[in-house]
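Got chain A; can you put chain B on it based on the hints?
Residue-level listing of the chains:
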Amino acid sequence: MLTVALDAVTTAALLFIISSGLLIVFGVMKIINFAHAAFVTVGGYAALVGAWLGLPWLLVLPLAFVVGAVCGALTEAVIVRRLYQRPLDAILATWGLGIVIGQLVTLVFGREVQFVQAPITGTVDLAGIDYSAYRLVMIAAAVLIAVLFTGLLSGTRLGLSTRAVIMNEMLAQGLGVNSARVRLVTFAIGSGLAALSGALITPLSSVDPNMGLPWLISAFMLVMVSGGSLLALAVSCLVLGGCQVIVSTFVNPILGGLTIAILAAIVLRIRPEGFARA
Amino acid sequence: MRSRLFLTSLAAIAAMTPAMAADPIRIGVPVGLSGANSVVAPSVVQSAELAVEEINAKGGVLGRPLALEVADDGSGAAGAQKAFDALVFQKKVNVLISMETSAARNAGLPIVARGKTPFIYTSFYEGKSCSPYLYVNAWVPEQQVPPIVDYFNNEKKAKSYFLIGSDYAFGRGMLAFTKSYIEKTGGKVLGEEYLPMDGSDWTPIISKLKASGADAIITSTAGGAPNVTLTKQLRAAGVNLPYGNLAVDEGTAKSMGGDATGIYISASYVTGIDSAANKSFLAAMSKKFGADLKTPNDLSVPEYEAVYAYKAAVEKAGGTDPTKVLAALEEVSVDGPRGAIRMNKQRHAPLTMYLGQVQADGGVKVIQSFPNVDPGAQCPPKS
Chain A
1 MLTVALDAVT TAALLFIISS GLLIVFGVMK IINFAHAAFV TVGGYAALVG AWLGLPWLLV
61 LPLAFVVGAV CGALTEAVIV RRLYQRPLDA ILATWGLGIV IGQLVTLVFG REVQFVQAPI
121 TGTVDLAGID YSAYRLVMIA AAVLIAVLFT GLLSGTRLGL STRAVIMNEM LAQGLGVNSA
181 RVRLVTFAIG SGLAALSGAL ITPLSSVDPN MGLPWLISAF MLVMVSGGSL LALAVSCLVL
241 GGCQVIVSTF VNPILGGLTI AILAAIVLRI RPEGFARA
Chain B
279 MRSRLFLTSL AAIAAMTPAM AADPIRIGVP VGLSGANSVV APSVVQSAEL AVEEINAKGG
339 VLGRPLALEV ADDGSGAAGA QKAFDALVFQ KKVNVLISME TSAARNAGLP IVARGKTPFI
399 YTSFYEGKSC SPYLYVNAWV PEQQVPPIVD YFNNEKKAKS YFLIGSDYAF GRGMLAFTKS
459 YIEKTGGKVL GEEYLPMDGS DWTPIISKLK ASGADAIITS TAGGAPNVTL TKQLRAAGVN
519 LPYGNLAVDE GTAKSMGGDA TGIYISASYV TGIDSAANKS FLAAMSKKFG ADLKTPNDLS
579 VPEYEAVYAY KAAVEKAGGT DPTKVLAALE EVSVDGPRGA IRMNKQRHAP LTMYLGQVQA
639 DGGVKVIQSF PNVDPGAQCP PKS
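Which chain is which? The protein sequence lines are A and B, in order.
According to my numbering, the first sequence is numbered sequentially starting from 1.
According to my numbering, the second sequence is numbered sequentially starting from 279.
So that you can see chain A by itself, here it is in the shape it has in the complex (with noise of 0.2 Å):
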């Protein structure tokens, strides 16, 4: 039981730190942005580049947020800035950008699947059963990702800015804050999590150019049911992850990987505002 308990809680944190970045971007512009699979798999391929080159774990992460954000940057500047009032568009047009992404991946390293070595390993002794020490950190890491945005947020300047264009963006406007500026570093934070993300789960996952894609379609119904609140996805991650856990050992890990899609689809049906507070 405890061991069903263990998996529940590290695959909600697994599926909170994956999320957080696209919640970002949907919270701030209202655009759900389908290339995130493909900065999730930059930032796989980044720790990867940085194990190349020999760096030490807490550096690699940093790296993979700098890379993630810097595509995201880009990324903004350059295509979605011209679609936030078309957001059926920018799903297309994300979604085809990280197809472009998967295929630049793929000219500059290769199609086959590549091995990052994990920086713990082994196993740790709780309660009488050896649980996977790595698995455990992913709790420590999404509290820490939750933590630092919510001082993010509600602590600087910027998360004020940000905190104001979500509320009214014409108002914000006339108030003085640049709304396209926030737009842009939250793209860029949005990506660069995703990419951070990656790089997280490389030792858990092989590396490769679709590596991000398994968990675009959690990530996306996860947020659909937070409605931008990170508290609401923390929670939804609980409960929708502990659920996919639940079902995937008692009844059959094939239907498992479908239960958070259908039932944040449920979810949505009977209350269209999901877990957030309405």
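Worth flagging that the hints you see were computed from the coordinates, not collected in a lab.
Here the structure is a predicted model, which is why all the values come from computation and not from measurement.
Heads up, some of the hints might be wrong.
Computed footprint of chain A on chain B; a stretch qualifies when at least three of its residues, placed anywhere within it, have a C-beta under 8 Å from a C-beta of chain A [what the hints assert, rightly or not]: (1) 465–475; (2) 481–489; (3) 512–525; (4) 532–545.
Ranges between beta-carbon positions, derived for each pair [stated by the list, open to error]: (5) A:SER154 <-> B:GLN637: 47 to 57 Å; (6) A:ILE91 <-> B:LYS394: 50 to 60 Å; (7) A:ILE91 <-> B:ALA555: 54 to 64 Å; (8) B:ALA355 <-> A:LEU231: 41 to 51 Å.
Beyond 10 Å from chain A on every Cβ pair, some chain B residues (computed) [said to hold, decoys possible]: (9) ALA335; (10) GLY341; (11) ALA381; (12) PRO388; (13) ASP428; (14) SER558; (15) ALA595; (16) GLY597; (17) GLU609; (18) SER611; (19) GLN624; (20) LYS643.
Every residue gets a Cβ at the ideal spot worked out from N, C-alpha and C, and that includes glycine.
Frame of chain A, contents of chain B only:
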């Protein structure tokens, strides 16, 4: 007419290397240069090129040189239809020799039958593909699984097993056979779990495995990413049971680093086979391709041997007549890197299988060899 003239001149150029005037014998190689097989396909083509070069240097087959026609089958059914059609009806090849996905092979078989072209399939597969035009010189589950299970039963005293796979035809087919073989040899299967092919989180399955208390695990995932994620997550969860992997090859094991250490694999070819034939094959490969050499493997070496098997069959039949060649293919034996191989068991071949274990340096050490493992009843005559 002009296109035929063009083809003939092409053939003449191809035949130029050793001065042979005769019309070449054309070997069609439909292979997955793009798609899922694109990682392994170059090594298959290199094998075929070496075999053709060696044979032509020694005067060809019945005085005629061999010429290769490589076509991309896209690793799937749709691409294979085009590739087979072009090779059989436009290029008019005398034989098809290739490693392909099962989907591509199945799509090609009707075309091969229409063109009455012999087809030597050189990829291991799930077994029981039967066509009068099809010969297979690679392994089927009946040959690959027993070495691992027998070794775990006898040497590791394993009594209970846990099976993990990807949810597709090859994964499920391999594990279905594994399960029946384990039960036949007195073992118990405590669990059999699958994840979709693109699944990457094996956590619940690994928790079930740990809770089951099984003595050993055997996995059959799709190649590449699922194999890697499963192995990494097993290691991260501290699973150190005897671990047989039906889907990992030497190259992947090497690049996986420490996580692959200790995995048992079963194959008809590993580079470490200690025989004169294998050593001279490896030397010839690295001489011909130098830095561009793709490491020879269990999918590329059968291609090399199959070209020689076809040469022997044509010589025995006294020409390229398909009916005579098909009859002769069963009777000829070829000595290659994998030893002496004859496709005389319902168009499949008894093979020497090697049980290997991945070492800390990424190499594969042969633990035990199992000579002439029988493919079993693959294509029993209809009564």
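Hints, one by one, checked against the model:
no.: 1; hint: 465–475; in the structure: holds (count 4)
no.: 2; hint: 481–489; in the structure: holds (count 7)
no.: 3; hint: 512–525; in the structure: holds (count 4)
no.: 4; hint: 532–545; in the structure: holds (count 5)
no.: 5; hint: A:SER154 <-> B:GLN637: 47 to 57 Å; in the structure: holds, 54 Å
no.: 6; hint: A:ILE91 <-> B:LYS394: 50 to 60 Å; in the structure: holds, 52 Å
no.: 7; hint: A:ILE91 <-> B:ALA555: 54 to 64 Å; in the structure: holds, 58 Å
no.: 8; hint: B:ALA355 <-> A:LEU231: 41 to 51 Å; in the structure: holds, 49 Å
no.: 9; hint: ALA335; in the structure: holds, 33 Å
no.: 10; hint: GLY341; in the structure: holds, 42 Å
no.: 11; hint: ALA381; in the structure: holds, 19 Å
no.: 12; hint: PRO388; in the structure: holds, 30 Å
no.: 13; hint: ASP428; in the structure: holds, 29 Å
no.: 14; hint: SER558; in the structure: holds, 29 Å
no.: 15; hint: ALA595; in the structure: holds, 41 Å
no.: 16; hint: GLY597; in the structure: holds, 42 Å
no.: 17; hint: GLU609; in the structure: holds, 40 Å
no.: 18; hint: SER611; in the structure: holds, 36 Å
no.: 19; hint: GLN624; in the structure: holds, 35 Å
no.: 20; hint: LYS643; in the structure: holds, 21 Å
Of the numbered hints listed earlier, not one is contradicted by the structure.
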